[in-house]
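Just so you know, the numbering used here puts 65 at position 51 of the sequence shown, and the rest follows in order with no gaps.
Check each hint, because a few of them may be wrong.
Once the Cα atoms are required to be at most 25 Å apart in a straight line, the calculated DSS-like pairs of lysine-lysine come out as [to be verified]:
1. Lys59 to Lys47
2. Lys32 to Lys59
3. Lys58 to Lys47
4. Lys47 to Lys20
5. Lys20 to Lys59
6. Lys32 to Lys67
7. Lys41 to Lys67
8. Lys20 to Lys41
9. Lys58 to Lys32
10. Lys39 to Lys67
11. Lys20 to Lys67
12. Lys32 to Lys20
13. Lys47 to Lys67
14. Lys20 to Lys40
So the derived label-pair ranges between C-beta atoms look like this [what the hints assert, rightly or not]:
15. Gly71 to Asn18: 25 to 33 Å
16. Ile73 to Asn18: 26 to 34 Å
17. Ser19 to Gly71: 15 to 23 Å
18. Gly26 to Lys67: 16 to 24 Å
Please keep in mind that the hints were generated in silico from the structure rather than gathered at the bench. Remember, it's a predicted structure, so these values are computed and weren't measured experimentally. Note that the Cβ used here is the ideal one computed from N, Cα and C, for glycine as well.
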Amino acid sequence: MKKNSKEMDIIGMAWADKISFDEIKKKTGFSEKDVINIMRRTLKKNSYILWRKRVRGRITKHRKLMKLY
């Protein structure tokens, strides 16, 4: 599947640990759910699973969690 440049940018931001889903939404307009769907659709299955394990509960990806600490 050929990925367009906007999807490639979103994938890069989603992989980056220091860019939160809120920042991705501000820059691209895509919500966390949209980003997850893009990642699921474009990444290989194992890559997607590894990414989800890494991101789930990660404080830097979820600004709401950062406010708690």
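Hint-by-hint comparison with the structure:
1. Proximity of lysine 59 to lysine 47 is assessed by CA-CA distance (about 17 Å); at most 25 Å being required, the pair is judged to hold.
2. Proximity of lysine 32 to lysine 59 is assessed by CA-CA distance (about 23 Å); at most 25 Å being required, the pair is judged to hold.
3. A C-alpha spacing of about 18 Å is found between lysine 58 and lysine 47, which places the hinted pair at or below 25 Å, so the restraint holds.
4. Proximity of lysine 47 to lysine 20 is assessed by CA-CA distance (about 16 Å); at most 25 Å being required, the pair is judged to hold.
5. Restraint check: the Cα-Cα separation between lysine 20 and lysine 59 comes to about 21 Å, which is no more than 25 Å; the hinted pair holds.
6. Of the pairs offered as hints, the one joining lysine 32 and lysine 67 holds, with about 16 Å between alpha carbons and a cut-off of 25 Å not exceeded.
7. With a CA separation close to 24 Å, the supplied pair lysine 41 and lysine 67 stays within the 25 Å bound.
8. For the proposed pair lysine 20 and lysine 41, the alpha carbon gap of about 11 Å is at most 25 Å, so the pair holds.
9. Between lysine 58 and lysine 32 the CA atoms are separated by roughly 23 Å; this keeps the pair inside 25 Å, and the hint holds.
10. A threshold of 25 Å between alpha carbons decides the hint, and for lysine 39 with lysine 67 the separation of about 21 Å falls inside it, so the pair holds.
11. Between lysine 20 and lysine 67, the direct Cα distance comes to roughly 24 Å. Compliance with the 25 Å bound is thereby established for this hinted pair.
12. Distance restraint check for lysine 32 and lysine 20: the Cα-Cα separation of roughly 19 Å lies within the 25 Å cut-off, and the hinted pair is therefore satisfied.
13. At roughly 15 Å between alpha-carbon atoms, lysine 47 and lysine 67 fall within 25 Å of each other, so this suggested pair holds.
14. About 14 Å separates the Cα atoms of lysine 20 and lysine 40, which keeps this hinted pair within 25 Å; it holds.
15. Glycine 71 and asparagine 18 have their C-beta atoms about 30 Å apart, which keeps the hinted 25 to 33 Å range intact.
16. Taken as a hint, the range 26 to 34 Å holds for the pair isoleucine 73 and asparagine 18, whose Cβ atoms sit roughly 31 Å apart.
17. Checked against the hint of 15 to 23 Å, the pair serine 19 and glycine 71 fails, with Cβ atoms roughly 30 Å apart.
18. Checked against the hint of 16 to 24 Å, the pair glycine 26 and lysine 67 passes, with Cβ atoms roughly 19 Å apart.
Hint 17 alone, counting from the list given before, is not met by this structure.
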